[in-house]
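Trainee: Sequences and hints are given; from them, build the entire structure.
Protein chains: 2
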Amino acid sequence: MPRSGLDRFEQRKQTRARLIDAALKLFSTSGYEHATVDDISQEAGYSKGAYYFHFSTKDDILLELLRMWTESRGAALLAGGAEDEAPDLRAVLEGLFSYEADGQWPAVLLEFWSQSVRNAEVGKRVAQAYAGWRRQLAEAFSRAAAAGRISLASAEDAAAIALAAHDGYAVQVAIGSLRASEMSAAQLADSLIAPLEAPAEGGRTAAAM
Amino acid sequence: MPRSGLDRFEQRKQTRARLIDAALKLFSTSGYEHATVDDISQEAGYSKGAYYFHFSTKDDILLELLRMWTESRGAALLAGGAEDEAPDLRAVLEGLFSYEADGQWPAVLLEFWSQSVRNAEVGKRVAQAYAGWRRQLAEAFSRAAAAGRISLASAEDAAAIALAAHDGYAVQVAIGSLRASEMSAAQLADSLIAPLEAPAEGGRTAAAM
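Top to bottom, those sequences are chains V and S. Position 127, counted from 1, in the first sequence is what the numbering used here calls 128; the numbers after and before it change by one each time, with no gaps. Position 81, counted from 1, in the second sequence is what the numbering used here calls 82; the numbers after and before it change by one each time, with no gaps.
Hints were generated in silico from the structure; no laboratory data involved. The C-beta atom is built at its ideal place from N, Cα and C for all residues, glycine as well.
Chain V regions said to be covered by chain S (calculated; three or more residues, Cβ under 8 Å): (1) 28 to 35; (2) 122 to 129; (3) 161 to 172; (4) 189 to 195.
Mentor: Right under this line is the structure:
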């Protein structure tokens, strides 16, 4: 592993990034319970000492992955325009559902969920993240409805369904039951939004077949 | 544990049922990886010998739970009228989504999914179950559309969304992010179906607010 030209700070950053990549890979394949700190260090090409320089426990790197995931979903919601005056809900949901460049994440979500049932810290952070996204999505649905883009009975229910669709889509992709070629994130978003579009506004009707 | 009055066959059935209940409880709390055959036997109040009389490995009882789950979902789809001439899709989906009497199941689904990523037999059976349900749901959506109950662009997409909603709802319930009091299985079913109902047919319009 050539390190010439990298100063100590850069080296440390790289080590940390490789450990995180290794954990992502092992948690998504062997699972969190099976993978050990030894496995993660070895997969990254480092000693256990390097691991413990950066993380204090195995939980610690799981929490870091959890932080990266919640940050990336939050960023995807914003990039999709979730906080726009009149949000394009297709773009918002497509952003939320997309893991195309990060093929290992859906399987890691299964680990977050399993651990959140039995690890209080993971559980707390996952619950906080979902509560935040649910609020943000409910507001986006509300604003889209106020702007006449969609019609709906309850923005809260629509937000809960969008989150359930996110989780369920990740499950189906992780277990290989639904390939992205069968239903892309964009198609899933469209299938959820199209029926909500008022005939007069969207140029599509709920009855279009 | 009084066994008088039970013949050997009944005793064996009871032992098996208790071992299965114990596994369901431990897999949903400690998780599949953590729970041992010793733990399961002890939780059920039996020796390891009793376990191995009924099951050959720890996998074996996971596969039995998987069989029970796939059978119960299949039964719920049928009871909801999935194969009726003109299915009531609310009843079909409510049946599919409901785990109210079986509070431990959603957390066990997390274990099925995690294991299906790394255990070929679990993966195969889970994939088969989903493929069957997706076909069955697509046919139910098609027949409901043909009977004029709903309008939709693609029965296959609608079926995929219904399954994703099932999985995502189970995740949200398992991790405690969505309580059944906030959104019941019936409400989730209604929120998915209502937007598909053609104004002329259902007496509800997609624009009802």
